[in-house]
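Number of protein chains: 2
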Amino acid sequence: MQDLNHRKATARLKILNPDGSPAANQAVRVDQTGHQFLFGCGVFDAVEMMKTRDDQKKQFLEERLAKWLRLFNYGTLPFYWGRYEPQEGKTAETETMAAAAWLRGKGVTLKGHPLCWHTACADWLMQYSNQEILEKQLKRIHRDVTAFKGLIDLWDVINEVVIMPVFDRYDNAITRICREKGRIGLVKEVFAAAKESNPDAVLLINDFNTSASYEILVEGLLEAGVPIGAIGIQSHQHQGYWGLEKLRDVLERYSRFGIPIHFTENTLISGDLMPPHIVDLNDWQVDAWPSTPEGEARQAAEVTEMYTELFSHPLVEAITVWDFNDGCWLKAPSGVVREDNSEKPVYHALDRLIHGDWETHTEQVTDSEGCLCFTGFKGSYLLEAAGGKASLRLDGDSDRTIRFIRKD
Amino acid sequence: MQDLNHRKATARLKILNPDGSPAANQAVRVDQTGHQFLFGCGVFDAVEMMKTRDDQKKQFLEERLAKWLRLFNYGTLPFYWGRYEPQEGKTAETETMAAAAWLRGKGVTLKGHPLCWHTACADWLMQYSNQEILEKQLKRIHRDVTAFKGLIDLWDVINEVVIMPVFDRYDNAITRICREKGRIGLVKEVFAAAKESNPDAVLLINDFNTSASYEILVEGLLEAGVPIGAIGIQSHQHQGYWGLEKLRDVLERYSRFGIPIHFTENTLISGDLMPPHIVDLNDWQVDAWPSTPEGEARQAAEVTEMYTELFSHPLVEAITVWDFNDGCWLKAPSGVVREDNSEKPVYHALDRLIHGDWETHTEQVTDSEGCLCFTGFKGSYLLEAAGGKASLRLDGDSDRTIRFIRKD
Chain A
0 MQDLNHRKAT ARLKILNPDG SPAANQAVRV DQTGHQFLFG CGVFDAVEMM KTRDDQKKQF
60 LEERLAKWLR LFNYGTLPFY WGRYEPQEGK TAETETMAAA AWLRGKGVTL KGHPLCWHTA
120 CADWLMQYSN QEILEKQLKR IHRDVTAFKG LIDLWDVINE VVIMPVFDRY DNAITRICRE
180 KGRIGLVKEV FAAAKESNPD AVLLINDFNT SASYEILVEG LLEAGVPIGA IGIQSHQHQG
240 YWGLEKLRDV LERYSRFGIP IHFTENTLIS GDLMPPHIVD LNDWQVDAWP STPEGEARQA
300 AEVTEMYTEL FSHPLVEAIT VWDFNDGCWL KAPSGVVRED NSEKPVYHAL DRLIHGDWET
360 HTEQVTDSEG CLCFTGFKGS YLLEAAGGKA SLRLDGDSDR TIRFIRKD
Chain B
0 MQDLNHRKAT ARLKILNPDG SPAANQAVRV DQTGHQFLFG CGVFDAVEMM KTRDDQKKQF
60 LEERLAKWLR LFNYGTLPFY WGRYEPQEGK TAETETMAAA AWLRGKGVTL KGHPLCWHTA
120 CADWLMQYSN QEILEKQLKR IHRDVTAFKG LIDLWDVINE VVIMPVFDRY DNAITRICRE
180 KGRIGLVKEV FAAAKESNPD AVLLINDFNT SASYEILVEG LLEAGVPIGA IGIQSHQHQG
240 YWGLEKLRDV LERYSRFGIP IHFTENTLIS GDLMPPHIVD LNDWQVDAWP STPEGEARQA
300 AEVTEMYTEL FSHPLVEAIT VWDFNDGCWL KAPSGVVRED NSEKPVYHAL DRLIHGDWET
360 HTEQVTDSEG CLCFTGFKGS YLLEAAGGKA SLRLDGDSDR TIRFIRKD
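First to last, the protein sequences are chains A and B.
The first sequence: position 26 = 25 (numbering that gives the first Met the number 0), numbered continuously.
The second sequence: position 333 = 332 (numbering that gives the first Met the number 0), numbered continuously.
Quick caveat, the hints were computed from the structure, so don't treat them as lab data.
Hints should not be assumed to be uniformly reliable.
No distinction is drawn between identical chains; accordingly, a pair holds when it is met within one copy or between any pair of copies.
[To be verified] Calculated lysine to aspartate or glutamate pairs in the DMTMM-like style (CA-CA distance at most 25 Å, straight line): (1) Lys187 / Glu222; (2) Lys66 / Glu358; (3) Lys245 / Asp279; (4) Lys180 / Glu222; (5) Lys7 / Asp394; (6) Lys245 / Glu179; (7) Lys245 / Asp167.
Just chain A, with the same shape it has in the complex (with noise of 0.2 Å):
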């Protein structure tokens, strides 16, 4: 059993009855409503709903996601630039803000995912100069971090600074401005440019690449004084989980900065390994790939192996599912849901754990003086009685008096 300790704080509560006086001998229903922990998962479909004129669609979609939002309480939009902003001036603002608004109303925390890449940036800036590609990328942080502050107040500034300067699979205008600036030089101007527009929002780095370069990059920031306030790691596991070893020795290795460790972008998919020798996972393009009965137990149990290792390492803040629903990115089985919607046995391994070893449910009775003690999971909690009830944040250990409002 992994010790989840620093996953959890004591209340010591007094209880007071809506009329003030205190709740003395009550029986108190104490349940968790939320997590503080990011149980996060891609949302992109947030946005396709918003913007489909296809009612059949829209329904579908719906039902989706109403799946994502019985299991998550972290999502991940999408700002890919050469998607977000298909031509110079003509943004997906309105359905992205739409999507980010509806998500919000719903207790979602959010992520904009990301503000400077390489991969799927717009063609159009490829006819500008460096200096000119450069100012446009920092103006594009500027108006979509300020755009979106209090809907989306953490941020993949950059993304796969590792490869980016020496990316060659096609020229792009990210990777240019990264060669003549340095990646150093680059992730200061982004993140000073996240920070300007949004000085409470968590920035992070995010790579795919774990190895030493990694590593040294985020100590060579740090000594530059980026504000990185969380480091990114993806984890697509096309081809095979990483297994306890390397997981391990990543955290490690990661650990070793003290500042939260998010993991970005997971995948553990549910049918045949991608094979070894693809170095560049966009290099295998099948015509379907399908999810089979072993491959969903053998996710399932990953995922479960995988969430408890992560869960009990105190940096860990956020793990992400990277798709939702299979068939998404190079058509994996990749989802907790398969495209049909129906849900595989990853998502209930998932629900058992974030909705059910994780979370408190327990029920107290308040001493003579109205005085109640729980210790549980961070997060939200609704403590409900006879009398009144009641909802608290624990966050860390808490000493208080909180007062019962009338049930309706």
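Given chain A, work out where chain B should sit, using these hints.
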């Protein structure tokens, strides 16, 4: 033909006779006597020669070093902490100083290697706390850099930092402190110590890792203000010659910083290649590793191609052959002479480049005012005419008056 203009300079001289009159209409021999470029080689045997009490061995080493001196102008002397100071406080300073003085007397520029490294480190350090190890490391740098100032003004300050904190072959004092302080943290301290003791020294970082990791490390160090005087690149090619493609890729990636590049440890062997599956070259332990005729021809051709490429690159300022003779590290046939000091084809190939193609020897006639103009490879020159002689440094284009001294 490579463009070598950056290696050359033009001297416009007005030459005076010893009596001060213009040396008009004189035939002047212009002979390059030394190179600005550092053509280097390990010269550990100079220390050995100073130390030995065995006359036969001494004579053998003298013969070896005579051949060394005929080819090279730049030597690497050993400062491996575990060998330089096998017991705390008992150093090899005496014999190393004697070797350094002897080599300087012969016009050889010297580099000390290395001041900080996890390999060949002093075992006695391990009894101390990390704080104490670091203090002793910095004190050692101050002591040795100060002691050799004027004799040794180039230092490999720190070696193989990319792997340093994750080196797991055996416990050692330096990996311990690197793990605690981080790569950049440690590099900053050891460079600061060296700089303090010899502000004019050229300080190198040195690594066998030429991947993005090292590139990013250098970038991070420069951002952190570490005074890197030259980027050291090892190129031990026991598993086969890199070839021009890799060489050019490395040069391109490391040129970006605009800092001099030194090829600090170059090995091309004249025997069977080490199998490609070996990761740590030290794992390849053989009883004997013969040099072969075909291997020697290959080695000479590869060295010629590699030196030609490197000499033509404006940022490369030094190339060092790692082993002067065969049978040193890993018993490899890696030398320019065999174990018995007989010259291999590569010795003559290098001689043809260094003292042939890339050395200027010409005869010019001064005009009626004693003026003479020549363009030659940068370095030192001897000018000789019937009426006298003069020595000259040609480090860049120059326009000056020189006065002959009488020939004796």
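We went through each hint and held it up to the structure:
1. Taking CA atoms no more than 25 Å apart as the test, Lys187 paired with Glu222 passes in both settings, with 11 Å inside one copy and 11 Å between copies.
2. For the identical chains of this complex, Lys66 and Glu358 are intra-copy neighbours only, at 18 Å inside a copy versus 77 Å across copies, given an alpha-carbon limit of 25 Å.
3. In this homomeric assembly, Lys245 and Asp279 come within 25 Å of each other (Cα to Cα) both inside a single copy, at 20 Å, and across copies, at 21 Å.
4. In this assembly of identical chains, Lys180 and Glu222 lie within 25 Å of each other by CA distance both inside one copy and across copies; the values are 17 Å within and 12 Å between.
5. Within a single copy, Lys7 and Asp394 get their C-alpha atoms as close as 8 Å, which meets the 25 Å cut-off; across copies the closest is 70 Å, which misses it.
6. Taking CA atoms no more than 25 Å apart as the test, Lys245 paired with Glu179 passes between copies only; the shortest distance there is 21 Å, against 34 Å inside one copy.
7. Proximity of Lys245 to Asp167 under the C-alpha cut-off of 25 Å is restricted to the inter-copy arrangement: shortest distance 15 Å between copies versus 28 Å within a copy.
The structure is consistent with each of the numbered hints, conforming to all of them.
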